[in-house]
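Colleague: Build the full structure now, drawing on both the sequences and the hints.
Below, each chain spelled out in residue letters.
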Amino acid sequence: MSTASDAGPAGAGGSGAGAVIELSHVSKAFASRSASAPRALDDVSFRVAAGEVAGISGPAGAGKSTLLAIVAGQLRPSSGSVRIDGIEPRRFVERQGIAYLPQPLALSGGWRVSDALTRLAVLSGVRPTYTKHRVEACMRELGLYDDRRVRVRSLKGDARLRLGLAQAIVADHRVIVLDEPLEGMSAESLERLRDLIVRLRAFDRAILIASRDTAELQRITDRVTLIERGRTRRVGASRPATPADTEAVFHITLHHGGEHVLAVFPTAISLGRSTYAVRVSGFAALNRGLRELLDRGALLACVTPAHAAVDSSALALNEVGM
Amino acid sequence: MKGRLTAYAGYQLRDYFTLRALPIVVATALAAWAFAAARGVTLAELDLTSGVEARDRVQQAFELLLVIFAFVAGAVAASGLVSHHRSREYDRVLFSRPISPVRYYWQGFVVGGIGGVVLAIVGAEVYAVAVHPVSLAGVAAYVAFAWVLVGGVAFLLSTLTAFHLAVLAVVIAADLAVDHYATAFSAAGAGPVAAGVQYLLPPAHVLVTLRGAFARGLIVDPRSLAWPVGYGVACIMIALVLLRRRPFRS
Numbered sequence: 001m002s003t004a005s006d007a008g009p010a011g012a013g014g015s016g017a018g019a020v021i022e023l024s025h026v027s028k029a030f031a032s033r034s035a036s037a038p039r040a041l042d043d044v045s046f047r048v049a050a051g052e053v054a055g056i057s058g059p060a061g062a063g064k065s066t067l068l069a070i071v072a073g074q075l076r077p078s079s080g081s082v083r084i085d086g087i088e089p090r091r092f093v094e095r096q097g098i099a100y101l102p103q104p105l106a107l108s109g110g111w112r113v114s115d116a117l118t119r120l121a122v123l124s125g126v127r128p129t130y131t132k133h134r135v136e137a138c139m140r141e142l143g144l145y146d147d148r149r150v151r152v153r154s155l156k157g158d159a160r161l162r163l164g165l166a167q168a169i170v171a172d173h174r175v176i177v178l179d180e181p182l183e184g185m186s187a188e189s190l191e192r193l194r195d196l197i198v199r200l201r202a203f204d205r206a207i208l209i210a211s212r213d214t215a216e217l218q219r220i221t222d223r224v225t226l227i228e229r230g231r232t233r234r235v236g237a238s239r240p241a242t243p244a245d246t247e248a249v250f251h252i253t254l255h256h257g258g259e260h261v262l263a264v265f266p267t268a269i270s271l272g273r274s275t276y277a278v279r280v281s282g283f284a285a286l287n288r289g290l291r292e293l294l295d296r297g298a299l300l301a302c303v304t305p306a307h308a309a310v311d312s313s314a315l316a317l318n319e320v321g322m
Numbered sequence: 001m002k003g004r005l006t007a008y009a010g011y012q013l014r015d016y017f018t019l020r021a022l023p024i025v026v027a028t029a030l031a032a033w034a035f036a037a038a039r040g041v042t043l044a045e046l047d048l049t050s051g052v053e054a055r056d057r058v059q060q061a062f063e064l065l066l067v068i069f070a071f072v073a074g075a076v077a078a079s080g081l082v083s084h085h086r087s088r089e090y091d092r093v094l095f096s097r098p099i100s101p102v103r104y105y106w107q108g109f110v111v112g113g114i115g116g117v118v119l120a121i122v123g124a125e126v127y128a129v130a131v132h133p134v135s136l137a138g139v140a141a142y143v144a145f146a147w148v149l150v151g152g153v154a155f156l157l158s159t160l161t162a163f164h165l166a167v168l169a170v171v172i173a174a175d176l177a178v179d180h181y182a183t184a185f186s187a188a189g190a191g192p193v194a195a196g197v198q199y200l201l202p203p204a205h206v207l208v209t210l211r212g213a214f215a216r217g218l219i220v221d222p223r224s225l226a227w228p229v230g231y232g233v234a235c236i237m238i239a240l241v242l243l244r245r246r247p248f249r250s
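Just so you know, the protein sequences line up as chains P and E, in that order.
Residues 1 to 322 (the numbering used here) are what the first sequence spells out, left to right.
Residues 1 to 250 (the numbering used here) are what the second sequence spells out, left to right.
Relax, there's no trap hidden among the hints.
The calculated label-pair distances, taken between Cβ atoms and stated as ranges, are: (1) E:166 - P:214: 39 to 49 Å; (2) E:10 - P:191: 30 to 40 Å; (3) E:234 - P:127: 33 to 43 Å; (4) P:153 - E:10: 19 to 29 Å.
Honestly, the hints are just simulated from the structure, not real lab data.
Since the model is a prediction, treat every value here as computed from it, not as a measurement.
Here a beta-carbon is modelled for each residue, glycine too, at the ideal position from N, C-alpha and C.
Modeller: This is the structure we're talking about:
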């Protein structure tokens, strides 16, 4: 069995503080006629902290997809404990949802690309007034806009993978779980994915990516955990955090006083209906800005986090001027 | 973030009418045609100008169509839900959303029931205008009754097996066969045994027996509905509990 010393929570989980995803001694055995059948996962422990992008690498059949399905709440571990934000994954998913790219991606073949993304955005709870922009932004972000009327069954390989990524990020989620997003991806799409991961990175978000491509994982993640035959073998070094890791976008809705927003948040963009997207480096900066807005006489109606992934392109579509 | 399942009901209803309505109508027509062919019924016998007997035959043909439609629509209300999603792995993407699988499938099942009732009302209205008056409320109630019983059993089977439609056909055929046997051999003492077996099988024979009363808008004794409705509701409840405990394949 792998132990905490070679792949335990401390070794495999970054700082440990602020862990969003936490697996402790997780094993998974599938029903088999053979008593000697190996476990899909055997005593796996690791953490993914808020603001971290973690990678899981290993050969085919190593247990990566099983691990991700457990994190996504779609499989229950045979033993051990899995927590997302301190609660059992299925309950977390039903309360907050996660961005999940399963392998293989299965969507109804008769849906058109834009229809599929709209439906999944609706199910994800994206605000009705924002759904259309959000879907268009996702399609543009992942190069699917020209295929928006194509039926899902007609998409193959790279385009299908991009659709999988689009459905995952069509809503803002704190937990992102991507299973083999690199498999069969063209060089152009790979570049898109790298940009996407950089933009998805946020101080309160945990990202977990599984792939056989260890080299590419090392480029796009902070830390790569290698698993073989269901056991953790090695944990790669962490990438030092950058200032961009702690940035996040918030939507601020004002009752009045919109004329002060640019003075307080110089990079703010209007979303219309007195709502503004502001990019700040953490909660402290957000609170300082909000206090200043209130001091200037603005009346605040609502503040919600809006993760950065597709906002830039969404806002470009939706610019109405301030 | 909360998912908006209620907002998604519109998509489910649209899917019902674009993807399932036509197959239901076609399946009903084919089954009715096969039944009529087996009994040697010809279109000439259904000529309303031939008098009262012909009118009775037309009414019986309508009731036959209603029974077949109610069975098919009830089965289809649960089709394309749990087992279909599981076998095609659609549930993986769907249930990464902040929604409850139980509520999602329950809503899909209810939408299937509503769709079936709407289709039945439209069909009955066309028949009433073109051929002979029927009770629209009775037809709607009958299809809803079939949705609870046949749909409820199909919903439960769909949570248990990928072959839910085949199993449903077998258990319903078994119930009808046992009912026929019990009626035919009641004098020989087969009644109690058959009645015992029928308590295990879905009481589809009651649905068949009551078709005329519903279609003609007659008052139906609630006691005759209690067992089939109870059976269907029990199946639905068990299906929902199973879905709560086991929303995915393994």
